[in-house]
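S.K.: Using the hints, position chain B against chain A.
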Amino acid sequence: MASDAPLLELEKVSKKFGPVQALDRVDFAVRAGEVVALVGDNGAGKSTLVKAIAGIHEADEGKIRFEGNEVKIGKPQDAVELGIATVYQDLALCDNLDVVANLFLGREEISPGPGQLSRQLDEADMEHQTSDLLSNLAVTIPSLRSEVGTLSGGQRQQVAVARSLLGEPKVVLLDEPTAALGVAQTAQVLSLIRRLRERDLGVVVISHNLADVFEVADRIFVLRLGRAGGEFDAQQTTEEHVVGAITGASSEGKADRADEAEIEAEREER
Amino acid sequence: MTETVQSAEGKAAEGGERDGRRETLRRIVQGDLASLRVVIGLALIWAIFQFENDRFLSAENLTNLMLQITAVGLISVGIVFVLLLGEIDLSVGAVSGLAAAVMAVLNVQHAWSPYLAIAAAVVVGLAIGVLQGFLFSHFGVPSFVVTLAGLLAWQGALLQVLGSTGSINLTDPKITGLANTFYSDAVGWVFAAIAIAGYGAVLAIGYKRRRDAGLDAQSPTGLIVRFVAVAVVVIVAIVVLNSDRGLPLALLILMGFVVGMEYVVKMTRFGRHVFAVGGNAEAARRAGISVNGIRVAVFGIAGTMAAIGGILAASRLLAVNQNSGGNELLLLAIAGPVIAGTSLFGGRGSVWTALLGALVIGSISNGMDLLALSSAVKFMVTGGVLLLAVLVDAVARNQRQASGRV
Chain A
114 MASDAPLLEL EKVSKKFGPV QALDRVDFAV RAGEVVALVG DNGAGKSTLV KAIAGIHEAD
174 EGKIRFEGNE VKIGKPQDAV ELGIATVYQD LALCDNLDVV ANLFLGREEI SPGPGQLSRQ
234 LDEADMEHQT SDLLSNLAVT IPSLRSEVGT LSGGQRQQVA VARSLLGEPK VVLLDEPTAA
294 LGVAQTAQVL SLIRRLRERD LGVVVISHNL ADVFEVADRI FVLRLGRAGG EFDAQQTTEE
354 HVVGAITGAS SEGKADRADE AEIEAEREER
Chain B
88 MTETVQSAEG KAAEGGERDG RRETLRRIVQ GDLASLRVVI GLALIWAIFQ FENDRFLSAE
148 NLTNLMLQIT AVGLISVGIV FVLLLGEIDL SVGAVSGLAA AVMAVLNVQH AWSPYLAIAA
208 AVVVGLAIGV LQGFLFSHFG VPSFVVTLAG LLAWQGALLQ VLGSTGSINL TDPKITGLAN
268 TFYSDAVGWV FAAIAIAGYG AVLAIGYKRR RDAGLDAQSP TGLIVRFVAV AVVVIVAIVV
328 LNSDRGLPLA LLILMGFVVG MEYVVKMTRF GRHVFAVGGN AEAARRAGIS VNGIRVAVFG
388 IAGTMAAIGG ILAASRLLAV NQNSGGNELL LLAIAGPVIA GTSLFGGRGS VWTALLGALV
448 IGSISNGMDL LALSSAVKFM VTGGVLLLAV LVDAVARNQR QASGRV
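These protein sequences, in sequence, are chains A and B. For the first sequence, the working numbering gives the first residue as 114, with consecutive numbering after it. For the second sequence, the working numbering gives the first residue as 88, with consecutive numbering after it.
If we strip away everything but chain A, and leave its shape as in the complex, we get (with noise of 0.2 Å):
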């Protein structure tokens, strides 16, 4: 399904905070109609390497390529230029706007017309490209005038990510995004990130959670300690091999890996 030609691609990617190296030569890539899982232990440079492509902390060396072309991310902005959008674990929504004005925040549709002077909302134009956004993904929501915070959690996250397809991105981050929900809505946002790649989407997600990560990535791409851990088919490996990766186990005796293995079920629990 996905094609050859990654859409995006870091090469020797470095970030130094200070003495701490968060990433170290990292290369990573995501093709168009892909979805690539993003694992590691904590501190292990997932969020550092998101925050590289998302413009929120500039890598100091290494080069992003996009579409082929050696590209700068420098600021958030140039990201959502390039057509990379973000979803952070904390979503940012606003509870008290419905699910239309959420959307739409910070490029609401204009009225055309005398309207236009005191800049008027086009509420009806703004509903129904909602409309049409959110049965496309087939994500169902009782009313798109629902204030957003009276929506369960897995309807909140499936909004954050509606909202960042509008601006039409080629490539979407999540950050967590199953996190903190229950079985039946982490399904709903699952099946979400599938359609994202129905739409041949490059899809990179973060998560703790490896049987959500087995579910719907193609790809395993671990990180340890800021470097590159392994990367793995998901269909063509198992949750030990990657728990094995994620915490530096792999070469070592069988025990080690279960009690790893078992302190990260444990994190999973939490």
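No lab work stands behind these hints, which were simulated from the structure alone. Misleading hints may appear alongside valid ones.
A few chain B residues facing chain A, derived, Cβ under 8 Å [claimed, not checked]: (1) Leu302; (2) Phe362; (3) Ala370; (4) Gly380; (5) Leu460.
Built from N, CA and C at the ideal position, the CB exists for glycine as well.
M.R.: Only chain B this time, still in chain A's reference frame:
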């Protein structure tokens, strides 16, 4: 936590009509339909005072009531914007006094034309608001402190501007006319017709737009009910006003600002951004909204509306003195919108609450004057009403949070 989930599921499981009615009740209590709650409260207040003194609902007294609430109502319009951000502006009373003094000094002592003097007063209010908004947003000083300093400083400036006389009488008919002009019956009806036709047109255009865009339109019955209700209120108001001195210009000014600012708040991009900043400033910032710009603009609006309220108050008093903008004006201007349902916590409210709140507070004050109650009682009752309103706001907020509606 589990309990909430269960009760939510239980609620969802309940079916049909009972659920709908319960939903309506919940919305009244939790604040979505706060204005309905206030209208019921207002009707109750009017009924009680009318029962105690049958002159309360006379045309003359109701006209007086309208004139009494204009200044507070206009200041409250600006306060609504500040409250929507979840901030507070304690300087609006002092700013209203200072702006009125600037107008009086320029017009009376420097013989400026009344229009220029009024414009200068409004600019003073705008400049003060922008300055306070800038200090608040760019240096991160709490708005409470910035405007508290303003309250003191602008009160001092008022004394300075008034000079040794301490009081300036207004004589220019253009200025005194603002609060003392009444239109003939025919003009009153023309405005009523414009208001009703305008409201009908807005509803019809909104309905047509939604239908053309292929969205579920609201039921036409609901729209007709709303239209008829508004039309009846406007017609009754004009009948009452016409049977006394006529439609006051001051009321027209207040209504103009309320309707205009409600449009800004609810229908424009700026208003949407005000709600967004009040709801979640970080989300607004990430969405590319200039949060500081919105904050400065909102405080600018508050200062401007304070100045306009001060001008109307001076026009009604026919003078500006050291007490202008003092006393309880500030507190009533903030209390009004809160009583009528604009949240102190930001992100919820409407400009109508400025009018409704001023009506509630004005009615209580006016009614107690009619009953010749002492100031002591008046203050205690007004304080009690404010406390009650804030409690209702806080309870509504807690219930929203308990049911997962932050």
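S.K.: Please go over all the hints and tell whether each is borne out by the structure.
M.R.: Results of checking the hints against the structure:
no., hint, result
1, Leu302, "holds, 5 Å"
2, Phe362, "holds, 6 Å"
3, Ala370, "holds, 4 Å"
4, Gly380, "violated, 13 Å"
5, Leu460, "violated, 39 Å"
Hints 4, 5, counting from the list given before, are not met by this structure.
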